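Given only the sequences and the hints, what does the whole structure look like? Please build it.
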Amino acid sequence: MEKQRYERPIIKKLETGMPNKFGMRTEYAPMTQIDGVSVKELIKEYGSPLFVISESTIRSTIKKAKKAFTTRYPKVQFAWSYKTNYLDAVCKVFHQEGSWAEVVSGFEYKKAIANGVSGKKIIFNGPDKSEDDLRMAIENESLIHIDHLDELYTILELTDVINKRPKVAIRVNMDTGIYPMWDRFGFNYENGQAWDALNKIMRSGKLELMGLHSHIGTFMLSASAYAVAASKLADLAIGIEQKYNHTIKYIDMGGGFASKNTLKGSYLPGFDVTPSFDDFAEAITTTLLNSNFKNSELPTLILETGRALIDEAGYLLGSVVANKRTSSGKRNTIIDVGVNILFTSFWYDHKITPAQPFTHYTETTQIYGPLCMNIDVIRENIDLPLLNKGDHFVIHTVGAYNMTQWMQFITLRPNVVMIDSNSKVHLIRERESMETFSSLEKVPEHLKKFEL
Amino acid sequence: MRINKNIAISDMGFVFNPVNGESYSVNPIGVEIINLLKEDKSYEEIKATILNNYSTDETTFEKDYFDFTNLLLHLNLTETEDEKNN
Ligand SMILES: Cc1ncc(COP(=O)(O)O)c(C=O)c1O
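Chains as they are written, first to last, in my numbering: chain G, 1 to 452; chain C, 1001 to 1086.
Derived by calculation from the structure, the hints in this document are not laboratory data. The structure displayed is predicted, hence computed values, not measured ones. The reader is advised that the hints may include incorrect statements.
Only pairs whose alpha carbons sit at most 25 Å apart, straight line, appear in this in silico DSS-like list of lysine-lysine [to be verified]:
no., chain 1, residue 1, chain 2, residue 2
1, G, Lys200, C, Lys1047
2, G, Lys389, C, Lys1063
3, G, Lys120, G, Lys3
4, G, Lys3, C, Lys1041
5, C, Lys1005, G, Lys3
6, C, Lys1047, G, Lys324
7, C, Lys1047, G, Lys3
8, G, Lys12, C, Lys1063
9, C, Lys1063, G, Lys330
10, G, Lys83, G, Lys260
11, G, Lys67, G, Lys40
12, G, Lys13, C, Lys1038
13, G, Lys389, C, Lys1038
Here it is as structure tokens:
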């Protein structure tokens, strides 16, 4: 007779009239595979933890986003926000889908060039562009989004030595009714800074004013804030048209659409509360179509959407290290995933699904990583089926920011694989090794020897 | 270790403690262990039964067993040695 699957014995107090949120369990079925590839096999082959990216999810998501905008507005261009996930394979999927590159540093800029993106299709944002960066961007005819006056003056000086007319836009910050207001980047709309900068650009006669840019915040749960932003940018564009008879080519609404993650402390799961691409598209395009642009002069709408396009395509697989109880009797589960590689666990209650069959019994558990630090908590309170040491699980919606903001702390960063549309697995970033780090370090001669 | 005599446990894993009116839910393996405890089985006997029926190893079970029985004690569902001797 085959033995039954083991599950540890548990006892749980029944609280009458207190079902857990919505009286539902968090998980109904194990996630044994991703895009047709077994989770167990993936871990066996590539180790644990392991980041997995679904190519088909990226493609279907960008297609959905594009459709939401192109069915409502005639000229739409997406630009992949490199900082969200700049693994080359990921960037290339977006470029194959027609996205330009949006970068915020010389490093990201060079990455986009190395990925084969033409300079003309790179949008260069960010407050810290060195003179060399700017020179490179001017030479390549990239779209430089000016963040502050010092940058504007540097570009103007460079026009004396480079025989090219820089293509520029300004970043505009504004009150869109969202708190906190992001006013650190770019020029302010309400106090006239933005209009002032635009006049400086136009009067210099040395720069080609191509567009206007704003990025009003991130993980925006309100589509209407974008309508406010679009109308303010349209206002500036029409002001320039009237005063200088100059037509602006594009309006760039930046990124910020919320992904389907659940923000910490949110009562409702992210899946139920985040606006859809259609909601954002409707708010933005209606505003632009209703503004006073002449039909022939409707600007291209650029979108630098980051997290909403990649979050759901990313999974993090891991294994249970141990189960414990705190002094107060609370269940603790230690996993091999720490906050150093799952940075977004500071913002989100990530969904976690066991990767093997389980019963309907659950225990309220705190999940923490292996970092020996109190902050290393992945989930504070999760009603989880019973996991044994060595069991695997899947953490969902981790595609945005984790693979760029991860930290190397006491362990090495793991492999990243991409599953293509034919369920073929490709290693797209190799796990770090001791050599990765020893190759960077130098020990002064007098410290090389010691006796203990 | 001994389960308090007046504790009721159903096959479905519903546990009721008439002393304080609290009720609990227990998973099937937990029910099995509680029932074995009610029959005054020793740890060794319980271990043998579980290892025979489930795919697990001795160390894992030992750890989980003591965790579980500690919780039963904590919830006042078992008698301590002192009480038993009275
Ligand atoms: C200028 C700019 N564009 C786009 C993005 C992408 O934002 P998100 O991931 O919220 O869509 C960012 C992110 O901070 C940004 O700073």
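Tell me, which hint numbers fail for this structure?
1, 3, 5, 11, 13
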